[in-house]
Each structure stands twice: as structure tokens, then as C-alpha cells.
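Enquirer: Now for the letters of each chain:
Number of protein chains: 2
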Amino acid sequence: MLKEKSLLMIPGPTPIPPQVAAAMTQPMINHRGEAFFTMFDEVAAGLKAVFRTEQPVYIFPGAGSGGWEAALVNTLNPGDTVLNVIIGDFGERWSKTAKALGFTVERLEFEPGQAAQPARIAERLERDTNREIKAVLFQHNETSTGVTNDVHAIARVVREHGALAMVDSVSGLGALPLEFDAWGLDVVLTGAQKALMCPPGLSLIAFSERARALAEQNTTPRFYWDLRAVHASYLKRQTPYTPAISLYYALQAALRLIKEETLEGAWARHKLMGEMCRAGVKAMGLKLLAADEHRASNTVTAVIAPSDPKLLRKTARDRLGVQLAGGQSQLENTIFRIGHLGYVTPLDVIQALAATEMTLALLGQDLSLGAAVSAAQEVWLRNLRG
Amino acid sequence: MLKEKSLLMIPGPTPIPPQVAAAMTQPMINHRGEAFFTMFDEVAAGLKAVFRTEQPVYIFPGAGSGGWEAALVNTLNPGDTVLNVIIGDFGERWSKTAKALGFTVERLEFEPGQAAQPARIAERLERDTNREIKAVLFQHNETSTGVTNDVHAIARVVREHGALAMVDSVSGLGALPLEFDAWGLDVVLTGAQKALMCPPGLSLIAFSERARALAEQNTTPRFYWDLRAVHASYLKRQTPYTPAISLYYALQAALRLIKEETLEGAWARHKLMGEMCRAGVKAMGLKLLAADEHRASNTVTAVIAPSDPKLLRKTARDRLGVQLAGGQSQLENTIFRIGHLGYVTPLDVIQALAATEMTLALLGQDLSLGAAVSAAQEVWLRNLRG
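Residue numbers (this note's numbering), protein chains in the order written: chain A, 229 to 614; chain B, 229 to 614.
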């Protein structure tokens, strides 16, 4: 096998387009000079378009999860209480972040595979008559379980209460519909290495006007993620510390590709790929982890493994050239995941399904070869015929 | 003029070698898989070699200045006092970082252009009979003034007192001699975009065993820069969050280049370039900012501008294709700086000197053309003849 050419179907880092790879090889420039400012403007405009906001979108050199810290330290005072809506591992981790930073965390948990029920969040917030809950934290798309929350509905109940609506959209933004301004969101964060088709290393985050106003007053000690410094630099088309220039080049190239496809086009492509993937998985006789298919993710599909998921992934990788993702934490021995976000097409989903089916056959499962692919083809054809 | 080909002589970001640029175009890989582990091992070994340590060197996705925060939050308890030795703007900024994070900062300042006097640090520490000073923070190389501190001598007096010796070597490490283990340093941080010849976006930091032990106990709230999580992941050849893979590729390629040149070879090259640059500057009749030439930096030369430094830089850039750096903060209208670190050769220094001389001539200064270059040539020839 030509090991070098392997299909990366994990939910991040995702494959990068050749234009993005090539963009990174551009020469270094002075980050306090005109060439940088010009790039800054284009990237800033492109990010506003994908976040659907008129607010600035700030770029930190850092991993996506740095955004968790930036969201909290800029809007909360020490000891403040947040309600953390947890539907999987990344919800858990945001909880840990908040606790580590000295905030009080109240958990509202849902079973793995379920989406958060806005009504249960509303019910909890109604009982908070003293307005002790300052923010509600939740995932747009829970990468570990392949479930998408109804951000719009959750934001509505949070706004009614008055708390800040803070959204981790690391594996959502750019692929799944999200309207920062129209839905009244307060903080949305993502990383560039998912639907935005860049290598990892940039943390992107938007704040509503009221969230940014809080950043001017709150007393939580902070330096690196301090919005005040970043916003002051933003107004000068700069960053407080040296920007990750090659990753800016990558982001600039990727945003051009998104503009060409249109954001709505990218949303539609991911919807199609999600539907194809689920149809194929079910045609193999496998079960989705998502309890309600209506809330199953269009960027990553979590599948109950019919046998040891580690052996399944190893076989797919070593014998068929397809890299699938495993389960995280308590799902480690239960599921495997197929990522389909970013620089991925319906044809890639076909390859992944064919290879998954062959993997199961190699592992001795009795199935009719081709069923997964034909189910996916049907979905695609229906889509093409409109 | 072919604007695209411009000589970047600023002290970071520095030019990147074609091998490093090309390395970044390699495909994305699973950061929890074998291919990443193999790269991790090579990079980890290469970093130990350039830091001159047996301790792990941790890689954070982030700007170099993130290391300032990581150094402090991992080793100090809230309110702890640090002694900050300030010889320029980057010392000032580390002070601000420490204050923003809730630590008590005592300043020990030296005039711009001067290096820190170890005796004055010793004297202050001797008076600290209650051992209230927990750490001494200082720059290896102060980028804003072009002055190099005597890290070895300072570390000696700090160790005698018992405080932690914390060194910002952002514009030093890889170019100027530094021995992490042999000099008994506790924390050394740098960024990859200077002497290490990579694009910006990685913060690199080493901790002594005793500094790391403190990280296990101290109570300062922290998440992103938390050494405990990073160290636990390090032992599994991983990082707690998605690593900046393309920048790892860049670092891997750059560390191979350094290994080929040898670290001692890189130190010697920078020493030569520093000497050439200073000889050329003096031959133009200009004055160095560094009070004691013995402590002038071999990675960046700060020069008293004979006329408006902004016009000087603009002329050099627009008419001669050479980018010089300006002064920072109170030195903004006083100096200009020539960066000579990273992927830079003695020939580049010759170009920079020739262009600077021509700039002065264009601006009406009376000088004998060629004097700067010939002075630099003499230094180089002497060096070549051994």
C-alpha cells in the first residue's frame, strides 16, 4: 500500500487543501507593516462572514481549546457560577477548564448520544431567581458523540434569563449553520483546523458587545487571553504578540475557498455528507450513537462498534488506507467515529463507507458488500436531482 | 524594484529556510497516532539539544510571550513576589504579565542600552532575608535595546539566594550560548520564530526539576498553560490539545538544519554577524545604543539614528529593499535596529550594511561609501583566516 496516500476521516485535524498548504510557504513579513495589515483586513472580513457577525472575530495563536479559557476569563469574575450543559467529552473538558480557573460550575448532563433539551435548560434557569448563573456553556457540535445541539433554541432560553450564551463551535463553525448576531450569541469560539480547512494552531473567538463590555470591568487575573489587549490591537489591524503568520496565510487561502463555495454551499455539502454517511452506516446494519437522528451531526458520525473498535480502526488504517477516529473516555471501547468535515467531499464519504464495510468483512462480519455505498449513492443522487 | 524579494532584517519573525517552508506542506496526520509520535520524539530530542538540557522542553501552540504566563502560573502562588530585572521593553512587558496575573512585582531597572549588573541583583537578594522573592525574571537578550545579559552570572547569584532563575530567551536561544542544565536555570522560554528559523506560533519552554515540582503543588488558577496536563501528555508523546502540526513539521526541518550546522556553529555564526554589523555601523560614524560593546547583542544591533528613524526605515524599505526594525516605546524616535538572527548569513549582513549606508547618503548624510562594508569584510576575513 502507498501509505503516504491515506484518507484522513477523523474529526480534526482535517485534510488541508493544496492551496492552503502552498499559501503557508510564502515568505515571512513584518507583522507591524503594511503587507500584514492588508492580510489582516481580508482575514477579518472573511471571519465575520463565516461567524455571521458584525463584531470583530479575534485570532489567538493557540489551540482551539484556548478559546474556552478566553471565553471565561474575559467575562466572569472570580468565583462566578456558570451552568455547563454537558452532552459529551468536550462539555466535560470545558467544565474542567472553568473549575481550574476558579469558577463555580453547575453541571446539566445528558446521556451520551443525546442532545441538550432546551426545555430542561429553561427550567433550571427559571429557578435561578437570584440570577446567580452568569453564563451557560454548551457545545454547538459535540465531537465525541456526533450530536449537534440546537444552538438557536438554547440561546433563546439563555437570553430570556439574561445569562451569557457561550458556544464551543470547534467542530461546527463553517460546516453547520450558526448565526452569531441573529441568534443573539455572546461568545462563539472555534479552531481553524476543522471546517475552516487550516492546520491547527489558531483559536478564533467572537464576543457580543455586552460580553466585550464585561471584559472591560471584570477582575479575573489574565494576560495571554486578555481581550482588552487583543481588542486594542485589533483596532490597529495588529495583534498584541507576534501573529502566527504562516497560519494567517493558510486562513486567508481557506477563507477564499469558502467564499467561492459560499458558506451556504459548505453547510449544504456537510448536510449531504452527514446524510450519506448515516445512510451507509445503517445499511451495514450498524447503529448510530445519536439517539435522535434529527440531531445527529453532519460533521462527524459516531457509530456503535459491532466488535473491538480498536481492531476495526487498525484494520481500516493498515489494510485499506482509511483513518477513522476512536471513542473518547467512557466511549473508548464502544464506538468509532467517521469525520466528514472541512476539505472533504461526498466522494470521500463513499470511500470511507466502502473501506469500513470491507473492514467489517475482513473481521468476519456477515454483510452484503456494496450496501453501504449504494445507500449513500441513493442519498446523493436524490440530492443532485433536487 | 522587485518588491517581493526584500531582505528581512528585523529581529523576528525572521526569514524561513525553503526546507522549513516546504515541510509545512506535508499532509495533516492524526495527532494521536504513530506518525505524530515519531515526529514528537525527533522534535523533543532536537529541542533538548538546543536548550542544552536533559529536561523535557514543552511545546505550546501560542506566541512566545505565552511562555511568560506559563513560567509564572506554574511555579508561583497567588500574590507571590518576583524580582523583575528590566533592561528594556520586553522586561517591562514581563512585569505587566506578572502584575496582570496577580503576582507582586519588584522592579530592578537599568538604563536602556545597559546590561543588568549581577552585583546589583546579588545585593538586592542579600537583603531579602525572609526569602520573599520567589523568582527572578530576566531577559537573555533584550530585543528592544540590542543588549545581552550575562545569564550565567545572574543565575549564579539567584541560585545562591534560592529563588527561581527564569529566563526569557526569545531572541537568544539557538543563536547565543545558553546552558540550561549546566548554568542551573529554572525556566527558559523562547519562540520558534527567531533563531530557530520557524514561522511564529509555537511557544517553547523548559523547567528544571524543582520548578516542575512546584507546578504540582501551587494553587494559581490555570488551564491552558498548565504544566501538569502538558507534562502528563508529554510522557505519552502527545499534547493535551491538538498540536500545531504544520509548525511541528517546520520545527522538525529547522532542528535538522541546526543539527547539521551544529549548535556551536550557529553560535559562532551569530557572533561573527554581530561583530560585522557593529564594525559596519561604527564605520558609518553611527553610535550603538549598547553602552558596553562587550554586552552588545549578536542577534540584533540597536543603532542611534542620526536623523528621523522612521524616514530612514521607509527609505531603506521602499528604495533599497531592506526592512529594518524601529525602536519600541520610549526609543521609538531615537533608534533603529538591524536584526541578524536565524536564517541569516554574513552575506546578508553585508547587504544590510550597504543598504543602510546608501540610505544615509540618500538622506543627505556626508559619508564615504563602502566604509561600512569594508569594515565588515575585514572582520569576516579575520574570522576566516582564524
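Be a bit skeptical, because a hint or two may be false.
Given that identical chains are not distinguished, each listed pair holds provided it fits within a single copy or across any two copies.
Pairs of lysine to aspartate or glutamate residues, derived as DMTMM-like cross-links and limited to a Cα-Cα distance of at most 25 Å, are as follows [as the list claims (entries may be wrong)]:
1. LYS276 / GLU492
2. LYS233 / GLU270
3. LYS327 / GLU444
4. LYS538 / ASP269
5. LYS542 / GLU262
6. LYS231 / GLU354
7. LYS276 / GLU337
8. LYS464 / GLU560
9. LYS324 / ASP576
10. LYS327 / ASP454
11. LYS464 / ASP378
It is worth saying that the hints were derived from the structure and are not from the lab.
Note that this is a predicted model, so its numbers are computed, not measured.
Enquirer: Against each hint, give a clear statement of whether it holds in the structure.
Expert: Here is how each hint holds up against the structure:
1. LYS276 / GLU492: within (14 Å within a copy, 48 Å between copies)
2. LYS233 / GLU270: Between copies, since 23 Å is at most 25 Å while 33 Å is not.
3. LYS327 / GLU444: Close inside one copy (22 Å) and across copies (17 Å); limit 25 Å.
4. LYS538 / ASP269: For LYS538 and ASP269, only the inter-copy Cα distance (24 Å) is at most 25 Å; the intra-copy one is 45 Å.
5. LYS542 / GLU262: between (49 Å within a copy, 11 Å between copies)
6. LYS231 / GLU354: For LYS231 and GLU354, neither the intra-copy (56 Å) nor the inter-copy (62 Å) Cα distance is at most 25 Å.
7. LYS276 / GLU337: Neither: 32 Å inside a copy, 43 Å across copies.
8. LYS464 / GLU560: between (46 Å within a copy, 17 Å between copies)
9. LYS324 / ASP576: For LYS324 and ASP576, the Cα distance exceeds 25 Å both inside one copy (35 Å) and across copies (50 Å).
10. LYS327 / ASP454: both (18 Å within a copy, 13 Å between copies)
11. LYS464 / ASP378: neither (36 Å within a copy, 36 Å between copies)
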